[in-house]
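Chemist: Residue strings, one per chain:
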Amino acid sequence: MTLTRAPHRVAEPPTTGLRPRRRTWGQALRRDWQLYSLAVLPLLFFLIFRYLPMIGNVIAFRRYEPGGDLLGEYWVGLRYFEMFLNDPTFWQVFANTVIIGGLTLLFCFPLPIVLALLLNEVRTRWLKGFVQTISYLPHFLSIVVIAGLVFQTLAVDGVVNQGLRALGQDPVAFMQDPAWFRTIYVSSEVWQTVGWGTILYLAALTTIDSDLYEQARVDGANRWRQTWHVTLPGIRPTMITLLILNIGTFLAVGFEKILLLYNPLTYSTADVVATYLYRVGIVSGSFSYAAAIGLFESLIGLALVLGANTISRRTVGTSLW
Amino acid sequence: MVRPTRGYRVFQAVNGFVLAGVVVVTLFPFVNIVARSFSGEHEIRSGQVTLWPKGFNLTTYQNVMSDPLFWINYRNTVVYTVAATAISLVLTTCYAYVLSKHRLRGRALLVGVAVFTMFFNGGLIPNYVLVSSLELRNTLWAIVLPNAINVFNLLVMKAFFESLPTELEEAAAVDGLGTYGILARIVLPLSKAVLATMLLFYAVQFWNSWFAGFLYMDRQELFPVTVYLRNLIAGATAGTDITASSETALQVAASIQAVTIVLTMLPIMLVYPFIQRYFVSGVMLGAVKG
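As you go down the protein sequences, you meet chains A and B in turn.
Residue 272 in UniProt numbering sits at position 272 of the first sequence; the count goes up by one each step and never skips.
Residue 68 in UniProt numbering sits at position 68 of the second sequence; the count goes up by one each step and never skips.
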């Protein structure tokens, strides 16, 4: 992926008269067989563990017996798709997915930009480094540890309820209350990702030409206007690239974290497409039905990335490829 | 240097306040969990433990550490992490080196094969069916193989190899060294920093992973420690009816959970201050050059 619009690669040397034609595959293999041999195992990995599962999605259109044929027994057409499109639970979890994904995008995309701009104004180097080091920390922890911290912090005897009690409020059973789930999910997501999310912006900020700030000052721009007219345009390609990537993973909302945080009491707000298909497919064994839902989700994800990328290329000229 | 305006000085004060808030909010849950892990059950239950242990004791640590399953699972995590990191590092290095050679016929296709998987994947069910029918369940390979190459890491390494000067390799080729020799004797010694970064990326990824172990391991003596912790958490919350007895169980679990959380994150926390900058440089390399 490229964060800049500048050509990022040195052009190949121009073809001379001595080498007018491209090498054929036979010549290329003879010359570079050692290089190709290094690619064999990685290619096998991609074909078996990435592309075979894509093909494995045909079980969404076929009857699959657990333990039977990898690609299913016989064709059933769109039966499983009709089934889930007529399944009210599916639409409930789809709505939950869109809401949680939307809230995550709304908070987890802009907050790292704000934090990066604030860090950029810190002139004391060690202080800036200290805040960065601390704020990156949650990124390195297992999602299970994060879930554990959430449970402990929000327990009836946890610090949040201690605060409520100090204010004379009744304690809240946060993890059992569907009304709280989205707030808990999004705030823990912000807590874990906001610091690490600043890295790319801080990198982009260092590439802004300081002459631009000088000129802006000469033109009488104050700090605020400098930020608006120099800094933000300077990090715009980074912002757009990350926005496209965020939109692409919109529906793939933190499946593992929700699986750890939710329980039957909070399904009404917490259950998303990924957790629903996990329960339907792996827990209940309806593999074909769950594969149909999964395929639908993957295709929407791909369409979102391609759509966002196209719109971005047409309107602002920045794109992933 | 222009003298800062009054408004800017106010901004700096507010900024310092906000950033101090970020630091406090980030650290608070960690301090709290450590305090809980050293506290007595009664003090935790009555909501007295905030930033400092109350009813200090090491009994819970002794209890958790005397559970043989905890150590078996901890050892599993170490074994899985070492094996998976080694295999991932070799595969990623080989493929990244191939992709960095622009003269190679079919290079664009090889890049495309990898990059496409960033945007489209088979999904949970086909992966599960695949791993099951390859009979990898309950083996190390179920954790190692399905995630052997991380495409982001691959692109970081590719960018690094592309940034190396080509003259050395060309000179070595003239001296009659083959591709394997050039990679082993010229390129890899120059790439120690990026290899260290990749090692850390993969090691942290596999150390922290839980879902593959949860999904593909049927016996508890095969679980990684993250699944051990997950089962503690799930055990404490699965009960929907809060009766007196289950509440006791829940609270006993609370101090055990705190200890297990601390012990699970301890290795990462201990090395974090020393490895953090490698991560940052790795991400920057991937982002700016990839």
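It is possible that some hints are incorrect.
[Unchecked claim] Lysine to any residue pairs mimicking SDA-like chemistry, simulated, CA-CA at most 25 Å apart:
1) A/K257 - B/Y180
2) A/K257 - B/V31
3) B/K101 - A/T153
4) B/K192 - B/M217
5) A/K257 - B/K192
6) A/K128 - A/T207
7) B/K192 - B/E221
8) B/K101 - B/V31
9) A/K128 - A/A173
10) A/K257 - A/L127
11) A/K128 - B/Q276
12) A/K128 - A/W224
13) A/K257 - B/M217
14) A/K128 - B/S100
15) A/K257 - A/K128
16) A/K128 - A/L212
17) B/K101 - A/T193
18) A/K257 - B/E162
19) A/K128 - B/N147
20) A/K257 - B/T166
21) A/K257 - B/V151
22) B/K54 - A/A166
23) B/K192 - B/L130
24) A/K128 - B/R277
25) B/K101 - B/L215
26) B/K54 - A/T153
27) A/K257 - A/A166
28) A/K257 - B/I268
29) A/K257 - B/L164
30) B/K192 - B/E162
31) B/K101 - A/G26
Rather than coming from a laboratory, the hints here were simulated on the basis of the structure.
Predicted model only: the values in this text are computed from it and were never measured.
Chemist: Can you confirm whether the C-alpha distance between A/K257 and B/E162 stays at or below 25 Å?
Modeler: violated (37 Å)
Chemist: Does B/Y180 lie within 25 Å of A/K257 when you go C-alpha to C-alpha?
Modeler: Outside the cut-off at roughly 43 Å; violated.
Chemist: Holds or violated: A/K128 and B/R277, Cα atoms, limit 25 Å.
Modeler: Cα-Cα ~14 Å, so holds.
Chemist: Starting from A/K128, check that the Cα of A/T207 is at most 25 Å away, please.
Modeler: Status holds; Cα separation ~18 Å.
Chemist: Holds or violated: are the alpha carbons of A/K257 and B/V31 at most 25 Å from each other?
Modeler: Holds. A/K257 to B/V31 sits at ~22 Å (cutoff 25 Å).
Chemist: Has the given pair, A/K257 with B/V151, been kept, meaning a C-alpha gap of at most 25 Å?
Modeler: holds (22 Å)
Chemist: Within 25 Å, alpha carbon to alpha carbon, are B/K192 and B/L130?
Modeler: violated (36 Å)
Chemist: Take the C-alpha atoms of A/K257 and A/K128, compute the straight-line distance between them, and say whether it is at most 25 Å.
Modeler: violated (30 Å)
Chemist: Keeping to a limit of 25 Å between CA atoms, is the pair of A/K257 and A/A166 held or broken?
Modeler: violated (30 Å)
Chemist: CA of A/K128 to CA of B/Q276, is that 25 Å or under?
Modeler: holds (15 Å)
Chemist: For A/K128 and B/N147, compute the direct alpha-carbon distance and say whether it is at most 25 Å.
Modeler: The given pair, whose Cα atoms are some 35 Å apart, is violated under the 25 Å limit.
Chemist: Can the restraint linking B/K101 and A/T153 be considered satisfied, given a maximum Cα separation of 25 Å?
Modeler: It is violated: about 51 Å lies between the C-alpha atoms, which goes past 25 Å.
Of the hints listed earlier, those the structure fails to meet are numbers 1, 3, 4, 5, 7, 8, 9, 10, 14, 15, 17, 18, 19, 20, 23, 25, 27, 29, in rising order.
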